[in-house]
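Q: Protein chains in written order, with this note's numbering: chain A, 10 to 219; chain B, 10 to 219.
A portion of the hints provided could be inaccurate.
What the hints assert, rightly or not - Away from chain B, derived, C-beta distances all over 10 Å, residues of chain A:
| # | residue |
| --- | --- |
| 1 | Ala-43 |
| 2 | Ser-79 |
| 3 | Gly-81 |
| 4 | Arg-106 |
| 5 | Phe-119 |
| 6 | Asp-120 |
| 7 | Gly-136 |
| 8 | Glu-137 |
| 9 | Ser-140 |
| 10 | Gln-142 |
| 11 | Gln-149 |
| 12 | Arg-166 |
| 13 | Asp-177 |
| 14 | Glu-186 |
| 15 | Val-195 |
Claimed, not checked - Simulated restraints, written as ranges between beta carbons of each label pair:
| # | chain 1 | residue 1 | chain 2 | residue 2 | range |
| --- | --- | --- | --- | --- | --- |
| 16 | B | Arg-78 | A | Ser-28 | 39 to 45 Å |
| 17 | B | Glu-137 | A | Thr-156 | 25 to 31 Å |
| 18 | B | Arg-72 | A | Thr-156 | 58 to 64 Å |
| 19 | A | Ala-50 | B | Asp-113 | 28 to 34 Å |
| 20 | A | Gly-81 | B | Arg-106 | 37 to 43 Å |
| 21 | A | Glu-137 | B | Gly-173 | 33 to 39 Å |
| 22 | A | Glu-202 | B | Gly-190 | 25 to 31 Å |
| 23 | B | Gln-209 | A | Asp-155 | 58 to 64 Å |
| 24 | B | Gly-44 | A | Thr-156 | 49 to 55 Å |
| 25 | B | Leu-80 | A | Glu-137 | 36 to 42 Å |
Hints were generated in silico from the structure; no laboratory data involved. Here a beta-carbon is modelled for each residue, glycine too, at the ideal position from N, C-alpha and C.
There are 2 protein chains.
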Amino acid sequence: MAAWGARLAGVRGVLLDISGVLYDSGEGGGKPIAGSVDAVARLKRSGLKVRFCTNESQKSRSRLVGELRSLGFNIHEGEVTAPPPAACQLLKERGLRPHLLVHDEVRSEFDQVDTSDPNCVVIADAGEGFSYQNMNKAFQVLMGLDTPVLISLGQGRYYKVTSGLMLDVGGYMKALEYACGVEAEVVGKPSPEFFKSALQEMGVEACQAQ
Amino acid sequence: MAAWGARLAGVRGVLLDISGVLYDSGEGGGKPIAGSVDAVARLKRSGLKVRFCTNESQKSRSRLVGELRSLGFNIHEGEVTAPPPAACQLLKERGLRPHLLVHDEVRSEFDQVDTSDPNCVVIADAGEGFSYQNMNKAFQVLMGLDTPVLISLGQGRYYKVTSGLMLDVGGYMKALEYACGVEAEVVGKPSPEFFKSALQEMGVEACQAQ
């Protein structure tokens, strides 16, 4: 802890990535990366504020946290900054009512959001939900708006699963951008706003975070 | 015919668009634009070579021609330059074996093309065929190639049908371009190669065409 103490002088909070840092996702819930369960426990014991920051948008936070807890991590849902809650905050601040093109798993994250008479479109990695019909509906909603607003939860090109590479949300974001002549606002890493919202939730300034 | 004669001095062939020029497409086969049936007949009687040039890629040429003939047009399948046959010629010239992501209606246009062990991807307006699964398969084929080649039949943003606006192939082309880091080759208008192939089929130089 002495070495940590020196490195963390002036630091009040720590942001941690999840996938590829705490654990590798995969079939059966994935597996922890060596030493990470203990590292999280030690950070928390040290009195530092800890927040987990992920671009995961195919799983709800509760499912993700459930999987991590079953792997031994000391983690709670309220400690996770993920694109859906950050998007909800942005929607609320700007009075936006989204048409949602998201995975069924994360739809519940938007339960508190008014989705009547949409004045924007939110897309996330919808997987099989990226049907022509669903894409066309999102396109039609955008084309029907005087000022089309497209919010994308991440802009990944693809990701890897055990069976191979999978198209991520980024391509579908580009498709709607091109068809509608708009530029998407990206919520999630590497957007500075995303990190700022994580810091805000932690109650720590950027200069006090690691 | 005198006025035409003056305007067409030195001209040996005429390229005609189809949709929006000869007829308006729509439910029940569409309807001819006033005067167009007679205009085509007169052009043909004049001894000029006539060729029809369309970006239609949801219907086979035989179906399109059948619809036009039933509207009274003097038109034959061999007189139509459409993206699928132009793509077939390009594939043949370059020894490309496509993975096809196209509408079922136009699949027959590729009957003579070797699609085994694909070394490129051809996409066209596949409509409902643009499922996540089909897009992901096209993506995986491209990512598996040392030199990914993506050929897109048109690059339209959207088109209009009686029920509203519909996403065209262009957005899906952009999605694959972004995900794979490639630039698509577009077959169809406004590509110069497309017009050149129409002229070649008509046996007329560009300076002799109208």
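Q: Evaluate each hint against the coordinates.
A: Each hint, compared with the structure:
| no. | hint | in the structure |
| --- | --- | --- |
| 1 | Ala-43 | 30 Å, holds |
| 2 | Ser-79 | 29 Å, holds |
| 3 | Gly-81 | 33 Å, holds |
| 4 | Arg-106 | 21 Å, holds |
| 5 | Phe-119 | 21 Å, holds |
| 6 | Asp-120 | 25 Å, holds |
| 7 | Gly-136 | 6 Å, violated |
| 8 | Glu-137 | 5 Å, violated |
| 9 | Ser-140 | 6 Å, violated |
| 10 | Gln-142 | 7 Å, violated |
| 11 | Gln-149 | 6 Å, violated |
| 12 | Arg-166 | 5 Å, violated |
| 13 | Asp-177 | 7 Å, violated |
| 14 | Glu-186 | 8 Å, violated |
| 15 | Val-195 | 13 Å, holds |
| 16 | Arg-78(B) - Ser-28(A): 39 to 45 Å | 58 Å, violated |
| 17 | Glu-137(B) - Thr-156(A): 25 to 31 Å | 30 Å, holds |
| 18 | Arg-72(B) - Thr-156(A): 58 to 64 Å | 40 Å, violated |
| 19 | Ala-50(A) - Asp-113(B): 28 to 34 Å | 56 Å, violated |
| 20 | Gly-81(A) - Arg-106(B): 37 to 43 Å | 50 Å, violated |
| 21 | Glu-137(A) - Gly-173(B): 33 to 39 Å | 24 Å, violated |
| 22 | Glu-202(A) - Gly-190(B): 25 to 31 Å | 26 Å, holds |
| 23 | Gln-209(B) - Asp-155(A): 58 to 64 Å | 46 Å, violated |
| 24 | Gly-44(B) - Thr-156(A): 49 to 55 Å | 41 Å, violated |
| 25 | Leu-80(B) - Glu-137(A): 36 to 42 Å | 40 Å, holds |
Comparing the model with each numbered hint stated earlier shows that hints 7, 8, 9, 10, 11, 12, 13, 14, 16, 18, 19, 20, 21, 23 and 24 do not hold.
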